[in-house]
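Undergrad: Residue numbers (our numbering), protein chains in the order written: chain G, 13 to 600; chain W, 0 to 195.
Keep in mind that a hint or two might mislead.
Stated by the list, open to error - In silico SDA-like pairs for lysine to any residue, Cα to Cα no more than 25 Å straight-line: (1) W/K18 / G/T43; (2) W/K115 / G/L257; (3) G/K469 / G/I50; (4) W/K18 / G/Y505; (5) W/K18 / G/H261; (6) W/K18 / G/P139; (7) W/K18 / G/I336; (8) W/K108 / G/S224; (9) W/K18 / G/S153; (10) W/K115 / G/T282; (11) W/K115 / G/E280; (12) G/K38 / W/V148; (13) W/K18 / G/I146; (14) G/K38 / W/P3; (15) W/K18 / G/L257; (16) G/K38 / W/T135; (17) W/K108 / G/L257; (18) W/K18 / G/S224; (19) W/K18 / G/P144; (20) W/K115 / G/A80; (21) W/K115 / W/T135; (22) W/K115 / G/R260; (23) W/K108 / W/T168.
Claimed, not checked - If you only want the chain W side, here are some residues facing chain G, beta carbon under 10 Å, derived: (24) D1; (25) G17; (26) F32; (27) A37; (28) N57; (29) V58; (30) A114; (31) F116; (32) H118; (33) G136.
Treat the hints as calculated values from the structure; they're not laboratory data.
Even glycine gets a Cβ: it sits at the ideal position worked out from N, Cα and C.
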Amino acid sequence: MGPETATAHHAAAHDADHEELGFWWKYVFSTDHKTIGIQYAVTGLLFLLFGFSLMMLMRWQLAYPGRALPLIGALLGEARMPGGLMLPEFYNELGAMHGTIMVFLGVVPLAVGGFGNFVLPLQIGAPDMAFPRINMASYWSYFVGGVVMLASFFVPGGAAQSGWTSYAPLSNIAGSGQSWWLFGMVFLITSSLLGSINFIVTTIQLRAPGLSYFRLPFFVWSQLVTSFLLLLAFPPLEAAAFLQLMDRHAGTSFFMPSGLVVSGQVLEVTGGGNPLLWQHLFWFLAHPEVYVLILPALGIVAEIVANNTRKPLFGYRSMVYSVIFLGFMSFIVWAHHMFITGMGTTMATFFQTTTMIISIPSIVVLTALILSLWGGSIRFTTPMLFALGFLPMFGIGGLTGLPLGLAATDVHLHDTYYVIGHFHYVVAPGTIFGLFAGVYYWFPKATGRAMNEALGKLHFWGSLVFMNVIFMPFFIMGLAGVSRRLYDGGASYAHAQPVLQWNVVSSVGAWCLGLAQIPFIVNFFWSAFRGRRVEANPWEATTLEWAAPSPPPHGNFPQLPQAHRGPYEYSVPGAPRDYLPQWEPRGA
Amino acid sequence: MDIPYTVAARPDTGLNNGKIAIWLFLASEVMLFGALFASYVMLRVGAPEWPAGATYLNVPLATLNTVVLISSSVTMVLAWASLVKRNFSRFRLFLGITILCGLVFLVIKYFEYSAKFHHGYLPATNTFLAIYFTLTGLHGLHVIGGMAVNSWLWGPGSAMWRTDPAHFTNRVENAGLFWHLVDLVWIFLFPVLYLL
Numbered sequence: 013m014g015p016e017t018a019t020a021h022h023a024a025a026h027d028a029d030h031e032e033l034g035f036w037w038k039y040v041f042s043t044d045h046k047t048i049g050i051q052y053a054v055t056g057l058l059f060l061l062f063g064f065s066l067m068m069l070m071r072w073q074l075a076y077p078g079r080a081l082p083l084i085g086a087l088l089g090e091a092r093m094p095g096g097l098m099l100p101e102f103y104n105e106l107g108a109m110h111g112t113i114m115v116f117l118g119v120v121p122l123a124v125g126g127f128g129n130f131v132l133p134l135q136i137g138a139p140d141m142a143f144p145r146i147n148m149a150s151y152w153s154y155f156v157g158g159v160v161m162l163a164s165f166f167v168p169g170g171a172a173q174s175g176w177t178s179y180a181p182l183s184n185i186a187g188s189g190q191s192w193w194l195f196g197m198v199f200l201i202t203s204s205l206l207g208s209i210n211f212i213v214t215t216i217q218l219r220a221p222g223l224s225y226f227r228l229p230f231f232v233w234s235q236l237v238t239s240f241l242l243l244l245a246f247p248p249l250e251a252a253a254f255l256q257l258m259d260r261h262a263g264t265s266f267f268m269p270s271g272l273v274v275s276g277q278v279l280e281v282t283g284g285g286n287p288l289l290w291q292h293l294f295w296f297l298a299h300p301e302v303y304v305l306i307l308p309a310l311g312i313v314a315e316i317v318a319n320n321t322r323k324p325l326f327g328y329r330s331m332v333y334s335v336i337f338l339g340f341m342s343f344i345v346w347a348h349h350m351f352i353t354g355m356g357t358t359m360a361t362f363f364q365t366t367t368m369i370i371s372i373p374s375i376v377v378l379t380a381l382i383l384s385l386w387g388g389s390i391r392f393t394t395p396m397l398f399a400l401g402f403l404p405m406f407g408i409g410g411l412t413g414l415p416l417g418l419a420a421t422d423v424h425l426h427d428t429y430y431v432i433g434h435f436h437y438v439v440a441p442g443t444i445f446g447l448f449a450g451v452y453y454w455f456p457k458a459t460g461r462a463m464n465e466a467l468g469k470l471h472f473w474g475s476l477v478f479m480n481v482i483f484m485p486f487f488i489m490g491l492a493g494v495s496r497r498l499y500d501g502g503a504s505y506a507h508a509q510p511v512l513q514w515n516v517v518s519s520v521g522a523w524c525l526g527l528a529q530i531p532f533i534v535n536f537f538w539s540a541f542r543g544r545r546v547e548a549n550p551w552e553a554t555t556l557e558w559a560a561p562s563p564p565p566h567g568n569f570p571q572l573p574q575a576h577r578g579p580y581e582y583s584v585p586g587a588p589r590d591y592l593p594q595w596e597p598r599g600a
Numbered sequence: 000m001d002i003p004y005t006v007a008a009r010p011d012t013g014l015n016n017g018k019i020a021i022w023l024f025l026a027s028e029v030m031l032f033g034a035l036f037a038s039y040v041m042l043r044v045g046a047p048e049w050p051a052g053a054t055y056l057n058v059p060l061a062t063l064n065t066v067v068l069i070s071s072s073v074t075m076v077l078a079w080a081s082l083v084k085r086n087f088s089r090f091r092l093f094l095g096i097t098i099l100c101g102l103v104f105l106v107i108k109y110f111e112y113s114a115k116f117h118h119g120y121l122p123a124t125n126t127f128l129a130i131y132f133t134l135t136g137l138h139g140l141h142v143i144g145g146m147a148v149n150s151w152l153w154g155p156g157s158a159m160w161r162t163d164p165a166h167f168t169n170r171v172e173n174a175g176l177f178w179h180l181v182d183l184v185w186i187f188l189f190p191v192l193y194l195l
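Let's have the full structure, built from the sequences with the hints guiding it.
TA: Listed below in structure tokens is the structure:
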């Protein structure tokens with residue numbers, strides 16, 4: 013039986029399987045890792061769009077403080093934007109929820125829940141995740157967390173207003189939206205706990221025969237390390253959430269110092285707490301979280317670079333060792349976010365040393381990816397363009413982080429727009445470009461149809477240009493000393509006057525970036541139903557997911573595949589084609 | 000479609016899926032309680048004065064609770080060992096004792112809590128009581144969770160013994176691992192809160 017007939021047989025048998033499942037069980041409460049992956053990805057993309065919309069709204073206030081926003085301002089009502097003018101409280105809600113939604117509801121669910129769920133079992137030749145029902149529970153826990161976060165906009169006093177970091181004691185005395193934020197986080201933490209256990213067990217246990225650890229695609233390695241970070245770094249934030257809920261609802265003072273004065277009055281609390289405790293617990297999660305954001309994107313980019321340069325990754329083993337080392341180190345760098353909290357120079361010295369050490373593996377991975385381009389016959393497909401865009405953007409993000417990792421320079425840059433610029437270069441044109449690359453790359457596998465290349469290229473060039481228009485001015489403003497989180501964008505500060513016009517540039521860039529996403533949205537839906545049909549392996553790739561039919565049926569493979577070689581056997585001298593898939597026996 | 004290695008061990012790792020998963024879960028639980036213990040240390044080190052546990056808490060009752068919980072861990076192991084020896088009725092007996100021990104622990108804890116409330120000792124009274132109620136409260140929730148799992152394995156879940164005894168034995172073992180963690184957390188809580 014040839015592979016086509018086997019596929020047809022399997023598909024037929026599988027269709028019969030699915031007749032028994034109704035719509036709800038097949039598409040909504042599915043336990044199939046591919047359906048859950050798509051659910052995660054679509055929900056994550058919607059949250060990315062929503063979180064971005066909050067920012068486009070804020071950018072109006074930053075560019076034109078005190079000017080009424082036409083049309084949309086009226087729609088948001090008197091409680092938020094009376095007469096089209098944004099209230100400071102609403103601005104704070106938008107700021108806090110933009111960060112929370114982008115990080116916890118957008119990027120992580122798309123990068124880990126979406127790509128991890130869809131691609132990882134296919135790449136290791138598994139029929140599904142190790143625990144399909146836990147996988148479904150993970151998605152629905154995420155979904156509930158998202159609903160709680162969205163609902164918090166409508167509670168009295170609005171959503172959380174204390175920034176995505178929720179620093180105490182400000183967050184302790186904030187309105188009820190903060191409690192909703194904490195409950196939402198508990199659901200999201202539960203979701204990533206269930207997901208990360210599932211990923212680790214799946215990777216260890218369900219690898220296809222012959223697929224040893226050093227034959228795993230780099231994407232699988234990046235997901236494996238990411239899962240360990242989620243598993244071990246999130247519980248301390250859960251502990252912090254419990255402590256803050258106790259502070260808010262049981263009258264304890266874990267984060268409340270004695271004698272705290274708010275609005276000229278001494279608060280009546282038992283005191284004796286420590287606001288720095290929140291920062292330690294928060295950053296113990298949130299620094300590894302930065303690597304949770306970036307590692308899956310590095311994995312995606314590595315797959316796409318190898319596939320489109322038609323040559324093996326340069327230094328695959330070094331990349332794997334680097335990413336493992338990076339995972340370990342990410343647990344002991346967190347206090348570099350706290351240099352100016354007065355924690356002392358001894359602590360600062362320790363944490364800036366570990367921070368400099370952790371930059372080494374990141375640079376090893378990035379350098380390996382750039383060197384992989386050398387001598388390749390590069391195919392400039394849309395996923396490859398996004399992957400190529402990722403490399404310098406992530407490079408800028410990483411290098412601008414070095415002055416923040418050293419205590420002496422961080423004292424000047426801390427809490428300025430420079431920090432925002434650095435972080436957004438890592439995550440927006442960095443990670444999100446990696447994720448877009450992944451969407452274009454695996455879309456044919458998920459739907460059996462390719463995305464449109466012309467619209468894809470339009471999307472890429474628009475995004476690349478406007479991402480830089482938005483974020484490059486942040487460095488200029490930050491170096492001039494403009495603080496983050498200012499309601500008027502710095503207009504009331506004398507030292508900000510020479511750079512204020514950059515706020516307008518950045519805002520116009522943000523709105524244009526919004527327009528640049530329209531080709532993607534059109535492409536996504538149009539291609540899903542009308543796109544060019546493709547066969548199992550349209551990119552002529554080597555890893556196991558391309559052995560499955562497009563889209564893969566329930567159970568993924570007609571026969572479970574076997575791995576015969578490493579993941580990136582491109583342009584092997586003497587081979588009949590320029591790629592040797594992992595699943596083909598030698599000589600085939 | 001069957002997921003491989005749900006019951007039998009994968010030859011090269013020597014483990015089944017559930018066993019790895021429960022250990023990973025326990026690792027994350029260690030990080031959860033580890034963070035709370037670390038918070039305790041930070042709050043205590045920063046406090047000008049810190050009460051001795053015995054000024055607020057009842058050491059004899061907590062000692063009794065420690066004995067009860069350690070005993071329940073022993074009976075949990077015996078319950079699993081009975082299944083390995085294919086003695087289902089003894090499994091039921093020992094798991095039943097384990098669940099009862101959990102219940103006794105909670106009843107004693109209830110009396111401790113209500114004595115505190117009666118004296119007006121609330122989480123808001125001071126930082127020591129705040130961390131006491133938070134840590135023991137979260138631990139109590141874990142006791143309830145472990146009892147819920149054990150009760151299900153004692154009752155309706157045990158139907159699996161007839162259809163798939165190896166799988167059922169694995170489940171009891173994994174539930175036991177969780178129960179030991181609950182016990183272990185208490186063994187740290189007892190000296191930290193009551194004795195130090």
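Undergrad: Hint by hint, say whether it matches the structure.
TA: Each hint tested on the structure:
A hinted pair counts as satisfied when its Cα atoms are at most 25 Å apart, and W/K18 with G/T43 qualifies at roughly 21 Å. For the hint linking W/K115 to G/L257, the alpha-carbon distance of about 21 Å falls within 25 Å, and the restraint holds. For the suggested pair G/K469 and G/I50, the alpha carbons sit about 23 Å apart, so the restraint of at most 25 Å is met. With a C-alpha separation of about 59 Å, the suggested pairing of W/K18 with G/Y505 is violated against the 25 Å cut-off.
A distance of roughly 38 Å separates the Cα atoms of W/K18 and G/H261; the hinted pair therefore is violated under the 25 Å criterion. At most 25 Å may separate the alpha-carbon atoms for a hinted pair to count; W/K18 and G/P139 meet this at roughly 20 Å. Simply put, W/K18 and G/I336 have alpha-carbon atoms about 23 Å apart, close enough for the 25 Å limit, and the pair holds. With a C-alpha separation of about 50 Å, the suggested pairing of W/K108 with G/S224 is violated against the 25 Å cut-off.
With a CA separation close to 23 Å, the supplied pair W/K18 and G/S153 stays within the 25 Å bound. Our distance criterion of 25 Å between C-alpha atoms is met by W/K115 and G/T282, whose separation comes to about 17 Å. Of the pairs offered as hints, the one joining W/K115 and G/E280 holds, with about 22 Å between alpha carbons and a cut-off of 25 Å not exceeded. A hinted pair counts as satisfied when its Cα atoms are at most 25 Å apart, and G/K38 with W/V148 does not qualify at roughly 29 Å.
For the given pair, W/K18 sits about 15 Å from G/I146 by alpha-carbon distance, which is consistent with the 25 Å threshold. The suggested pairing of G/K38 with W/P3 holds, with an alpha-carbon distance near 22 Å, which does not exceed 25 Å. Taking the CA atoms of W/K18 and G/L257, the gap is near 33 Å; set against the 25 Å cutoff, the hint is violated. With a CA separation close to 42 Å, the supplied pair G/K38 and W/T135 exceeds the 25 Å bound.
Annotation: proposed proximity of W/K108 to G/L257 holds, straight-line Cα distance about 22 Å (limit 25 Å). Distance check on the hinted pair: W/K18 and G/S224 sit about 21 Å apart at the alpha-carbon level, within 25 Å; holds. Among the hinted pairs, W/K18 with G/P144 is consistent with the structure: their alpha-carbon atoms are about 16 Å apart, no more than 25 Å. For a cut-off of 25 Å, the pair hint linking W/K115 to G/A80 is broken: about 56 Å separates their Cα positions.
Distance check on the hinted pair: W/K115 and W/T135 sit about 13 Å apart at the alpha-carbon level, within 25 Å; holds. For the suggested pair W/K115 and G/R260, the alpha carbons sit about 21 Å apart, so the restraint of at most 25 Å is met. At most 25 Å may separate the alpha-carbon atoms for a hinted pair to count; W/K108 and W/T168 exceed this at roughly 31 Å. Taking 10 Å as the C-beta contact cut-off toward chain G, the hint placing W/D1 at the interface holds, the least distance being around 8 Å.
The interface hint given for W/G17 holds, since its Cβ lies 8 Å from the closest Cβ of chain G, which is under the 10 Å cut-off. At a threshold of 10 Å, the smallest CB-CB gap from W/F32 to chain G is about 8 Å, leaving the interface hint in force. Given the 10 Å rule on beta carbons, the hint for W/A37 holds: about 8 Å separates it from the nearest Cβ of chain G. Interface hint status for W/N57: violated, as the beta-carbon distance to the closest one in chain G is roughly 21 Å, over 10 Å.
With its C-beta approaching chain G no nearer than about 23 Å, W/V58 sits outside the 10 Å limit, and its interface hint is violated. For W/A114, the interface hint is violated, since its Cβ never comes within 10 Å of a Cβ in chain G; the closest pair sits about 18 Å apart. The criterion of a C-beta within 10 Å of any C-beta in chain G is not met by W/F116, whose closest approach is roughly 12 Å, and the hint is violated. This hint is violated: W/H118 has a C-beta 16 Å from the nearest C-beta of chain G, more than the 10 Å allowed.
Taking 10 Å as the C-beta contact cut-off toward chain G, the hint placing W/G136 at the interface holds, the least distance being around 9 Å.
Going through the hint list in order, the structure does not satisfy hints 4, 5, 8, 12, 15, 16, 20, 23, 28, 29, 30, 31 and 32.
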